[in-house]
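Line by line, the protein sequences give chains W and E. Residues 1 to 141, numbered by our numbering, are exactly what the first sequence covers, in order. Residues 1001 to 1147, numbered by our numbering, are exactly what the second sequence covers, in order.
Where hints are given, some of them may not hold.
Below, simulated DSS-like cross-link-like pairs (lysine-lysine); rule was C-alpha separation at most 27 Å, straight line [as the list claims (entries may be wrong)]:
#1 E:Lys1108 to W:Lys93
#2 E:Lys1050 to W:Lys69
#3 E:Lys1050 to W:Lys93
#4 E:Lys1002 to E:Lys1118
#5 E:Lys1041 to E:Lys1138
#6 W:Lys19 to W:Lys72
#7 W:Lys47 to W:Lys93
#8 E:Lys1050 to E:Lys1117
#9 W:Lys46 to W:Lys78
#10 E:Lys1002 to E:Lys1104
#11 E:Lys1117 to E:Lys1104
#12 W:Lys93 to E:Lys1002
#13 E:Lys1117 to E:Lys1002
#14 E:Lys1108 to W:Lys69
#15 E:Lys1050 to E:Lys1104
#16 E:Lys1118 to W:Lys19
#17 W:Lys93 to E:Lys1104
#18 E:Lys1002 to W:Lys19
#19 W:Lys93 to W:Lys72
#20 W:Lys93 to E:Lys1041
#21 W:Lys46 to W:Lys72
#22 W:Lys19 to W:Lys69
#23 W:Lys46 to W:Lys19
#24 E:Lys1108 to E:Lys1041
#25 W:Lys19 to W:Lys47
#26 E:Lys1104 to E:Lys1041
#27 E:Lys1118 to E:Lys1138
Over the 10 Å line for every Cβ pair with chain E, so calculated as not near, a few chain W residues [what the hints assert, rightly or not]:
#28 Asp10
#29 Lys72
#30 Gly89
#31 Gly124
To be clear, the hints were calculated from the coordinates, so they are not data collected in a lab. Glycine residues also receive a C-beta, built at the ideal position from the N, C-alpha and C atoms.
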Amino acid sequence: MSYSILIVDDSLPMRSVIKKTLKAAGYGNSELLEAANGEEALALMKKSWIDIVLTDYNMPVMNGLEFIKVLKADDLSKEIPVVVISTEGDASKIREFMDCGAAGYITKPFTAEAIRDLIVTILGEVDYEDAVDDSDTDFDF
Amino acid sequence: MKTQLMTAIQTSISEVMETMFFLPVEFGPEIPIAESGMDAKKLVCELAFKGDFSGNLILMAPETLVVEMAENFMGESLENLTPEHLDGTLTEMLNMVCGNALRKIEAKTPFELGIPKKIGSTLFETHVFTIVETTDSKMAILLTLDE
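Isolated chain W, as found in the complex (with noise of 0.2 Å):
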């Protein structure tokens, strides 16, 4: 099974690395898509399909949290499962995200299991062989 994944951050080495995480978790099949910010993402969701969004939350021009907001008022994209990875765990802000229709929360740093097991758990199980085998790609953080 492939999915159409947005991966939303204002950091070129963190989209890097949570694509690299996705292809070693069994999403090597899957469109791995890319925005630097909410504004972005949301160019982006007119023109392609995504299945699962995953968002960083302290971006510039506009935040995951804005971003979030105007997914979740639209009727095209509110269903669309949304994931925040960010450094900012505080309890009350998680709740916020999560008020707000977010699917699950990652704090940086993160380990590749749990972006895995959070994504299988909203999207499904992969099929193993659809894992990408890449000697290069660095599943033990």
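Using the hints provided, position chain E relative to the given structure of chain W.
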């Protein structure tokens, strides 16, 4: 409060460096950066935070160490790394350290982080930084709290 936060920052640096960059660290003395022996080209970034108390965290590292961190972080070799990758690696490291450290501090209101940004290295030659030693290199951090 500064001592408590600095302790949390040091714990977070250890956690982030080992978890995301596979580099164990030890903490060295607090000395002026000019006396640190970090003579190579340095990259510097800063991140502001506000909440029950507000301040800035500044991180300085030689470019050679940032290259090693970026290689470990992204699993990419040097020829595939751009200046944007290096700057992004250092700012993301600072972002994770600061967010992780502030989570360890009891606060009445949640802390808000700014956007980490790259700054010039020549601004801090006389400032006293805490040295963070890796196996083959060192970086430096400076915490300032607003009055």
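Hint-by-hint comparison with the structure:
| no. | hint | result |
| --- | --- | --- |
| 1 | E:Lys1108 to W:Lys93 | 13 Å, holds |
| 2 | E:Lys1050 to W:Lys69 | 23 Å, holds |
| 3 | E:Lys1050 to W:Lys93 | 14 Å, holds |
| 4 | E:Lys1002 to E:Lys1118 | 23 Å, holds |
| 5 | E:Lys1041 to E:Lys1138 | 13 Å, holds |
| 6 | W:Lys19 to W:Lys72 | 24 Å, holds |
| 7 | W:Lys47 to W:Lys93 | 31 Å, violated |
| 8 | E:Lys1050 to E:Lys1117 | 16 Å, holds |
| 9 | W:Lys46 to W:Lys78 | 13 Å, holds |
| 10 | E:Lys1002 to E:Lys1104 | 13 Å, holds |
| 11 | E:Lys1117 to E:Lys1104 | 23 Å, holds |
| 12 | W:Lys93 to E:Lys1002 | 23 Å, holds |
| 13 | E:Lys1117 to E:Lys1002 | 22 Å, holds |
| 14 | E:Lys1108 to W:Lys69 | 25 Å, holds |
| 15 | E:Lys1050 to E:Lys1104 | 15 Å, holds |
| 16 | E:Lys1118 to W:Lys19 | 24 Å, holds |
| 17 | W:Lys93 to E:Lys1104 | 14 Å, holds |
| 18 | E:Lys1002 to W:Lys19 | 37 Å, violated |
| 19 | W:Lys93 to W:Lys72 | 18 Å, holds |
| 20 | W:Lys93 to E:Lys1041 | 38 Å, violated |
| 21 | W:Lys46 to W:Lys72 | 14 Å, holds |
| 22 | W:Lys19 to W:Lys69 | 25 Å, holds |
| 23 | W:Lys46 to W:Lys19 | 22 Å, holds |
| 24 | E:Lys1108 to E:Lys1041 | 41 Å, violated |
| 25 | W:Lys19 to W:Lys47 | 20 Å, holds |
| 26 | E:Lys1104 to E:Lys1041 | 33 Å, violated |
| 27 | E:Lys1118 to E:Lys1138 | 18 Å, holds |
| 28 | Asp10 | 7 Å, violated |
| 29 | Lys72 | 21 Å, holds |
| 30 | Gly89 | 5 Å, violated |
| 31 | Gly124 | 27 Å, holds |
The structure is inconsistent with the numbered hints 7, 18, 20, 24, 26, 28 and 30, although it conforms to all the rest.
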